[in-house]
Amino acid sequence: DAGITQSPRHKVTETGTPVTLRCHQTENHRYMYWYRQDPGHGLRLIHYSYGVKDTDKGEVSDGYSVSRSKTEDFLLTLESATSSQTSVYFCAISAGLSYEQYFGPGTRLTVT
Amino acid sequence: SQQGEEDPQALSIQEGENATMNCSYKTSINNLQWYRQNSGRGLVHLILIRSNEREKHSGRLRVTLDTSKKSSSLLITASRAADTASYFCATEGLRAAGNKLTFGGGTRVLVKP
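Same order as they appear, the protein sequences are chains B and S. Residue 1 is where the first sequence starts when you use our numbering, and the numbers rise one by one after that. Residue 1001 is where the second sequence starts when you use our numbering, and the numbers rise one by one after that.
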């Protein structure tokens, strides 16, 4: 257990509304990641962070922004949610001798 | 696009049998990792194999890596019902910044009691 929590765990929202997902870690790991998981696509990286206020885009970053003002929190924001952003979102941190990744429990987001 | 592609997409076996799944990737890597995901849960790291290693064991897991063929296999021996899950390979590219991983689409494994 790498002490990773995600909130909310489930959310239903309407198209066009802003949504913010939170990832919280308790062990001061430097690297944090946001993925989305969709059937047939595995996990795809949205954004990642390599330190406070240091973030970069992943494979599917369009429509998403992130912020990391504290080591322990990494926020994912959908500025104007669309139905194509209905997905399960996972946060992860990178730790261990070989920087393997440890995942949070996920947030199921439905955009109607 | 996905770096890793798993094969088969789904696998059904009897308890006690071995399960083998394969992963192919496209570009040079630092390491390849395997993860398990139980239904409705986050991914759990199983094993990591570096590009200069050919085989690695962890309990009932055996991973091989063939960098010339850009492929890896995961063998689960003497499977149990609790091994029912999806299994994903993930690669860290040779020039990947931030320890980024690229995941394959996964293999769904069903172990029947």
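It should be emphasised that the hints constitute simulated quantities derived from the structure, not laboratory data. One or more of the hints may lead you astray.
[To be verified] Calculated lysine to any residue pairs in the SDA-like style (CA-CA distance at most 20 Å, straight line): (1) Lys1100(S) to Lys11(B); (2) Lys1100(S) to Val52(B); (3) Lys11(B) to Pro105(B); (4) Lys1100(S) to Leu97(B); (5) Lys1056(S) to Asp1066(S); (6) Lys1069(S) to Ala1097(S).
The structure displayed is predicted, hence computed values, not measured ones.
Do the hints match the structure? See the list:
A hinted pair counts as satisfied when its Cα atoms are at most 20 Å apart, and Lys1100(S) with Lys11(B) does not qualify at roughly 27 Å. Of the supplied pair hints, the one linking Lys1100(S) and Val52(B) holds, its CA atoms being roughly 17 Å apart against a limit of 20 Å. Between Lys11(B) and Pro105(B) the alpha-carbon distance is near 14 Å, which keeps this suggested pair within the 20 Å criterion. Using a Cα cut-off of 20 Å, the hinted pair Lys1100(S) and Leu97(B) holds, with the two alpha carbons roughly 15 Å apart.
A threshold of 20 Å between alpha carbons decides the hint, and for Lys1056(S) with Asp1066(S) the separation of about 12 Å falls inside it, so the pair holds. Between Lys1069(S) and Ala1097(S) the alpha-carbon distance is near 24 Å, which puts this suggested pair outside the 20 Å criterion.
Hint violations for this structure: numbers 1 and 6, all remaining hints satisfied.
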